[in-house]
Amino acid sequence: MAALDDVQVKEGVDQETVDAVQSVGGKYKYGFETDIEIEYAPKGLNEDIVRLISEKNKEPEWMLEWRLAAYRRWLQMEEPDWAMVDYPEIDFQDQYYYARPKSMAEKPKSLDDVDPKLLETYAKLGIPLKEQALLAGVEAPEGDRRVAVDAVFDSVSVGTTFKDELAKAGVIFCSISEAIQDHPELVKKYLGSVVPQSDNYYATLNSAVFSDGSFVYIPEGTKCPMELSTYFRINAENTGQFERTLIIAEKGAYVSYLEGCTAPQRDIAQLHAAVVELVLLEDAEIKYSTVQNWFPGDEEGKGGIYNFVTKRADCRGDRSKVMWTQVETGSAVTWKYPSCILRGDDSQGEFYSIAIANNMQQADTGTKMIHLGKNTKSRIVSKGISAGKAQNTYRGLVSMHPKAQNARNYTQCDSLLIGDKCGAHTVPYIEVKNNSARVEHEATTSKVDDEQLFYCRQRGMDEEEAVALVVNGFCKDVLQALPMEFAMEAQALVAISLEGSVG
Amino acid sequence: MLEIKNLHVGLEEEDKQILKGVNLTVETGKVHAIMGPNGSGKSTLSYVLSGKDGYEVTDGSAELEGVDILDMEPEERAAAGLFLAFQYPVEIPGVGNMTFLRTAVNAQRKARGEEELSAAEFLKVVREKAKSLKIDADMLKRPVNVGFSGGEKKRNEILQMAMLEPKMCILDETDSGLDVDAMKLVAEGVNALRDAGRSFLVITHYQRLLDHIKPDVVHIMADGKIVKTGGPELALEVENNGYADILAEVA
Ligand SMILES: Nc1ncnc2c1ncn2[C@@H]1O[C@H](COP(=O)(O)OP(=O)(O)O)[C@@H](O)[C@H]1O
Ligand SMILES: [Mg+2]
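Chains as they are written, first to last, in our numbering: chain A, 1 to 503; chain B, 1001 to 1251.
What the hints contain is simulated information worked out from the structure, not anything from laboratory work.
The structure presented is a predicted model; accordingly, all values stated were derived computationally and were not measured.
C-beta: ideal position from N, C-alpha, C; glycine also.
Watch out, some of these pointers could steer you wrong.
Said to hold, decoys possible - Covered, in the sense of this in silico footprint (three residues per stretch, anywhere, with C-beta under 8 Å from a C-beta of chain B), are these stretches of chain A: (1) 458 to 465; (2) 468 to 475.
Stated by the list, open to error - Estimated spans, in silico, between C-beta atoms of each pair: (3) 1150(B) - 169(A): 52 to 60 Å; (4) 427(A) - 1013(B): 32 to 40 Å; (5) 1176(B) - 81(A): 52 to 60 Å; (6) 299(A) - 1147(B): 33 to 41 Å; (7) 442(A) - 1058(B): 42 to 50 Å; (8) 120(A) - 1134(B): 38 to 46 Å.
Next up, chain B with everything else stripped away, as it sits in the complex (with noise of 0.2 Å):
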């Protein structure tokens, strides 16, 4: 699904190298995670895979099935299955939720050549993983994240997922600054989506979200690379260990 060969990104503005060749393959419907300490790179990785301004790829390649990503524009990208679930998402003040999310879908739709979902359809539909996601019909006319508390954002981040049913699903933190309850939701929401065809990469910080989103390989970033490469055990690892063990041991 998406296969990432010796990433090199730098700052477009400053002189400054934060991706040193990462190595990285998501296979078609699996849940990849990946872990390291803040600075890492995990977020500017999941930036420079969607497209977002400000980045310099230097060296290698990152392709969705098979296609070369890196030249496309953001809603290219997006159009071709990619989905970023922001860690900090942002506040879009007047514009309703719903509004937001019919003109993405649609957008998308008419992008792949598709015929457009009419009012009536999008409502039912949203409506439906709405509630599975515990979102009410006040939070769907809401501007979008605006006044929203983290947790909220975190489930509104989930249901634009579940609507735009993307082939990779990229998760920045989804589970930081969240209640356990909070977590639980969010959790459900991504595994309903696990699906054969459907792959997953989260970026986390703890073992306690990998407890609920089972992954198939777990990834260790440090410095800009991915250090170490294992099972779910290698998150029990960090959670009782933390980083230092492990970057001992492959420094």
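Next comes chain A alone, as it looks inside the complex (with noise of 0.2 Å):
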């Protein structure tokens, strides 16, 4: 955050936007589709297709077992209609639940072993699956600013960047299916002791289907000595992706994990639904920055993602801290809420976000922050942007607890109008059971205004980027808040997804 406050460096950023404005043509840019050969599991879901998942990620029993209650489960449960999205109903029996490059039927060893079809991908994608590479479009500011990659495609992890290294600090980065196999006892522990197999209807599907994801486990005391990221691309056709994360930070650790999710541009939406559980034990920080750029589906709404995410942290250890960076501006239908249960005395939750949706995107998006222990303080600072015909909504959640002596929340929240097509929601819920506890919200509506426009304009900017640098500087809160890799993409991601907004 220090560094985004030099003027140089802030420059270098916006120059980026302004760049990104122009140079892509007012399309999705991730659009595009890998011609690779998939090997599907047959349509729809019932109990052999759960055992298949299992068997081809080559589980124990017990995982099985565990994938099986959860299928169960989920037959009887009903899909949650309290938000604010309107989406045609979903066949659950209509999706594939795996989709394999038939590359990957044998793991490769090595990064070198991959299909050059898939590493082509995510070069073309801007992530770099070599080890000292950044992510797309940065430069290195001095000092190393690497970053390890966890590429997961469709249903599979395709590979996972500086393993030796990390291991050499003790720290385990890998995908879930490989954690699942050379770690058992730590996913058998943490595995649903934050989000349950039974937490919602789409937590409940993820735990029965779940295919691959990312696994990150830090030990007691240990800086994790670079970022870590995770790069989900959907690409087969008809195909759910349902990844899951788990993160596990020991007394004292500290790790800064990124995520960037991107698919193509079809007709037809797809579905997905991931779960991310975080562990925080004492003294532990976690910092998790998204980055959400599905294909948002078209002008009239036709294709995009449906998004349906459950991602929880669980700040067990007293003075813990976790914060919840996410920048949405993906995806047909968005449903997410990262929270965080604020169990260990003094630990605090962060959670910022910037939600954008244009044309015909709808988002039900914001956070829950359960504060159970003493001291603990929360802090929610939310950006919401409508543009087209877009619905956004901020739905968020303040919990005191009768413990929590001290807590202190702090939500600020606002929104911005372009255009007098689209809507913007803010729906807080406030449950306060201490009389110590102090509960604070700021809410704003503004819409762009067009006196600022022609300011710019004015000093020779066209509308977009006049647009770009007005919501720019609406959002920069939320932008500070990322690293500095995630700021720059977020920022230039911003810009395009409000192009043709104005005019």
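Hey, can you piece these two chains together into the complex? The hints should help.
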């Protein structure tokens, strides 16, 4: 963050935005498809499919049982309908639940053995699967800013970089399917301990059919020597992606984790239901940043990803600290509430969010801050931007439990409207069961101001540059919370997702 | 440089005529001043020339260096060299002043097919120009005009003008709300930019700015028209007698 305050750096960041707006001709730039042979599980969902996924991942019996229990539970649940999103009924039998590039049938021993077409896909997406590279478009600032990447393609992890170097520090960074095989004691202990199998409709579905995802373990007292990231790519048609991420930060451990997602441009909507669990012991700290750029559907609302995600952090240890930062620009439908359970005394949760909905996109997103421990603190900064005919809802819960002595929450919730056919909604739920707890909530709604745009244009910027500049200004508090690599990408993305929203 | 002929302008939204036949020619390298009572249409003229929405040109023309500008987008007029120092500069929260300036400078350069300035070059030039306007590093970092005092806002306008190096500068009441020292700074900023190739149209209420920025020509505007044109002495006349005499004389 300190670096972002520096004028010169900020200059560079903004120039990126402007360049991005001008270079990309108004279209989703990750919409290409990789032409590759895919092996599918039979269409539809039943116990056999669950068994098949487990078998493909060479899982032990206990894992299969865990999945089956979730599946049986799921059959008895109903899809929630309280969110302010409206989409055609999902036919869960008309989906593929497992899709793997044929070339991944035998797990490659190293990245050198990975199918060049897959490597090419990630190169095209700007994701480096080489161990000295950085995220796209980012020049190395001084010092090393290396990022380890786990690349997930449809249902499988293609490879993970820097594994050995991380292992030297005691850090485990691998796909969850590998973790189930290689670190069963950790997975058994923590999987489902933050988001139980029965948590909600989509999380339960995920528990039954998740195919891959990332696993991170940071041992006691260890600061992870580099940023970790997972890049999710949906490629196969009619296929849901169900990934599962589990991050464990032992006492005094620290890690910054980044997550990015894209998908090809298709007419038919696709399902994505992920679960992310974070476990924090005493004095641990996790920063979890997401840039979600799934295909949003076209201008008429055709296609796009339905994104139903359950993300939760459990601050079990005293003084632990979690920070969720998300930039949600993609998906046709977003249903996502990264949450913090502030169980440890003096633990802290932060949630910074930019949610952009353009054209026909619908976003219902926010957070839950559950204050259980004494002196727990939480901070929510949400920036919702609506354009086109989009609907954007902030939904948040702040709950102060009886033992949350002196707990504090501060919520700032700002909405920005571009044009007059879109909507912004703020739905805060507040529960206070301890008199010493304090909750502060501020909310604003504004429109992109014509006077601001004219001022920018009089100085020489075109309309889209002007909008990008004003919107990035509106989002600044959140952009600053992102690691630098992501801040630039996110800023460019903000501009791109709003293209065509004016004039 | 700027040639306005018989310009008639009304509001788009309601049936109201504001400019009723403005004729005005500003020669290259000259400084013209426009004075006139509140509501006479001075700001409207500056907005119409720079391309703000909401106005409808019903008759007449405006040319910048022989090119009709009235059909151009605001940013095209800017790139062509037209600059407006706003009477009420707009605040843009979250956007650093420096970022704004650099985006603007490079947008214009790009539009003219020129090479963009690198971050380092840009920084060097800004610091120089900011210094002479007594704009410190802090003000350059702060969001555009947010929390700026009246004087800071106006100095910031002049900084933008200095950075963009326009050919035709329109200043709309850049002196209003300034104390004597601030006004001197602004005037010095403007004078530093005076150049054989650059013209100014200075809109003001008060003679005192014109003590510092010496105009070549002074116009009086009333009820949407230029009603009288003269030399610097015309500004003194207004200062001493107000508009009443002049208006009575031309009525
Ligand atoms: N957008 C607008 N809507 C309504 N009235 C306007 C608008 N712009 C200008 N006017 C009117 O036009 C007249 C001229 O205004 P203006 O150009 O601001 O004058 P000046 O700058 O000389 O004080 C005034 O009567 C003002 O109220
Ligand atoms: Mg005025």
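Taking the hints in turn, this is what the structure says about them:
1. Check on the region 458 to 465 of chain A: 7 of its residues sit with their Cβ under 8 Å from a Cβ of chain B, so the three-residue criterion for coverage holds.
2. Closer than 8 Å: that is the beta-carbon criterion, and the region 468 to 475 of chain A has 6 residues meeting it against chain B, so the requirement of 3 holds.
3. Between residue 1150(B) and residue 169(A) the beta carbon distance is about 56 Å. The supplied range of 52 to 60 Å therefore holds.
4. A beta carbon spacing of about 35 Å between residue 427(A) and residue 1013(B) agrees with the range 32 to 40 Å that was offered as a hint.
5. Against the hinted window of 52 to 60 Å, the Cβ-Cβ separation of residue 1176(B) and residue 81(A) comes to about 58 Å, which satisfies the hint.
6. For residue 299(A) and residue 1147(B), the Cβ-Cβ distance of about 39 Å falls inside the hinted range of 33 to 41 Å, so the restraint holds.
7. Taken as a hint, the range 42 to 50 Å holds for the pair residue 442(A) and residue 1058(B), whose Cβ atoms sit roughly 46 Å apart.
8. Between residue 120(A) and residue 1134(B) the C-beta distance comes to about 56 Å, which lies outside the given range of 38 to 46 Å.
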